[in-house]
Amino acid sequence: MVRLLTHNMLQCHVKNCTNGFPLRFHDPIIEQHEQEINKEFLVNMLPRIDWNALRTTVDQLGLPELPAAVPENPAEDEAFLAALHRALMEVNIQSGSMVCPECEHVYPIRDGIPNMLLSEDEV
Amino acid sequence: MLATPDLRHLTADDYDHIYEPAEDTFLFLDALEEDMEAVLAPRCPRICLEIGSGSGCVSTFLAMHLKTPTLYLTTDINPRACTATRRTAAQNRVVHRLEPVRTDLTAGLLPRLRGAIDVLLFNPPYVPTEVAEVVTADTAATDPSDLLAATWAGGQLGRVVTDRVLLQLPELMAPNGVAYLVLLQENKPDEIATMMAKLGFDMTIVMRRRAGRERLMIARFSRTIE
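The listed protein sequences derive, respectively, from chains A and B.
In terms of full-length UniProt numbering, the first sequence is residues 1 to 123.
In terms of full-length UniProt numbering, the second sequence is residues 1 to 226.
Just chain B, same shape as in the assembly (with noise of 0.2 angstroms):
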């Protein structure tokens, strides 16, 4: 088992604006760790990119133990999540590593990073709810108080926002990347196969288990060999 990240910096106070670690992230912590030696590590990543990084915790375990020469750079649109992704980089003392910037999915980074993501990291806001929940880059730039919502409002199936980055992983991956994605089974991972072999993408569920209601996955995306 593999150390998972000291949280111990983070508060009460900054859990009411970000999200909480809880089963999602744990089982994606277990995900890559399945994963490391095999996976990851031989593909020797320069970038890799969270998206919506929240407290830290996923890219910092990945820098903490992927003995690689990686930059890890994350994203988030609510700047609460930024330094604390940042605060939890230095805690467990990766923060050389690890760039967070503050934006909407990949947003800036295009068409810089066009088929250089060799590692990217999505646990998105995969609840299903009525569509107007979900926060956009609109709503965070205008009132960012309260940006909670974002964390899990996934809209229809509760894939609003994962279908978003899902039809830009032939954009943004790099030949030999590898992508990972929290699911749950109301998102219809089959559906999201079949959506992602049209777009040269192979879908390979890591790890399953069932938290409460939810029943989590952890879904990886290659792209396909001719």
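The following block holds chain A by itself, in its conformation from the complex (with noise of 0.2 angstroms):
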């Protein structure tokens, strides 16, 4: 249950590779899980948020599109709302992996967890 939310804030930590984000998904079960929708906690959210990588990952995943730019008053466009709150937290990724887009390392997801560990050599 890896949430588009968490993914965001991961990247690629292998020794040299500076570019290795926002992971590509592969192979990805995805669900959605309905939940309520917390306006608060959206808003909040939403500095830390990479807009552009969160827009990437939602259309390599073919889900529905996202608004080219955050509005200038989130807090008030429920439909925007409405939007980020199906993409950052109802959908699910419960397996398959995230490939860094420029190294390519491959990091797991299992029993939907992310898994973000290097050996030592990696590292």
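Hints were generated in silico from the structure; no laboratory data involved.
Any given hint could turn out to be false.
Stated by the list, open to error - Listed below are the simulated DMTMM-like cross-link pairs for lysine to aspartate or glutamate, each with C-alpha atoms no more than 25 angstroms apart in a straight line: (1) Lys-67/B to Glu-90/A; (2) Lys-67/B to Glu-76/A; (3) Lys-15/A to Asp-138/B; (4) Lys-39/A to Glu-76/A; (5) Lys-39/A to Glu-37/B; (6) Lys-39/A to Glu-90/A; (7) Lys-15/A to Asp-143/B; (8) Lys-67/B to Asp-77/A; (9) Lys-67/B to Glu-104/A; (10) Lys-67/B to Asp-27/A; (11) Lys-67/B to Glu-34/B; (12) Lys-188/B to Asp-202/B; (13) Lys-188/B to Glu-37/B; (14) Lys-198/B to Glu-171/B; (15) Lys-67/B to Glu-78/A; (16) Lys-15/A to Asp-163/B; (17) Lys-67/B to Glu-34/A; (18) Lys-15/A to Asp-202/B; (19) Lys-188/B to Asp-35/B; (20) Lys-15/A to Glu-122/A; (21) Lys-15/A to Glu-104/A.
Just so we're clear, the structure is a prediction, and the values are computed from it rather than from any experiment.
Both chains come to you apart, so use the hints to assemble them.
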């Protein structure tokens, strides 16, 4: 159950890999889990979201497109918040992996938990 | 007294692989309760990061009681701890706010979360041991079958893992962020305070308690105000 919220905060950390973000999902099993919307939480989280990375990922997963930019008053834009909620909180990647766009290191997802561990020679 | 998370879903088999909440955990909860209204709530944290979440008891406790729109990210090198953390969050109805990631301390979360951690929670392996006993990411990646030593073996002064995290605080913490750490008297808290002052952080001991032979304390770090 890797949510896109979490995915948006993960970056490849293989030694000398400098541009490993956003990780690309490979063979994802996608589930949608409906959840009550919490607008305060979404608005609070927005400054921590890399918007372009989220849009890229949504596009890669074939999910409904997000607006090109965050609106000026997101807290008052109901349609925007609903779309953001669906993308960030309701999309769950159950299994598959995440691949670095630069060095192609593969980070597996098991039991819905992303595995970012590297062995010592990769760090 | 705030309610402690319900842990009835965790079994003896779970505790063969993950740290069972004990005196240090409960002291941690008491210290967070003490700081809840005066220190934590007014900061309205966006992101709380717990390193080495084990059973998930501490993050779940905060998510249950801190009434702010906060995301709780947790890390652990032990896959059993990551699933236990999620189960504990689910059992206590905060699973939508909590996201476990299997990793070594903060690896993979930087640089994205640089300067973005509003609350950091860390109950480290603090028992002084031979350095060889300290579990590394390499051991965890190659042989995850027995990671229990990772919950306690702290190497020299019990500080090997603790210091790795403390040295990262300047990079991790948001300007107004607070980091909480479980310490033993043997970890030399005065030495830690001096080290952290040089990095621009004040240390406050929020709570102390004696548990058997262990003299436990919870330290809070925040950036020194110029």
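Of all the hints given earlier, name the ones this structure violates by number, lowest first. Violated hints: 9, 10, 13 and 18; rest satisfied.
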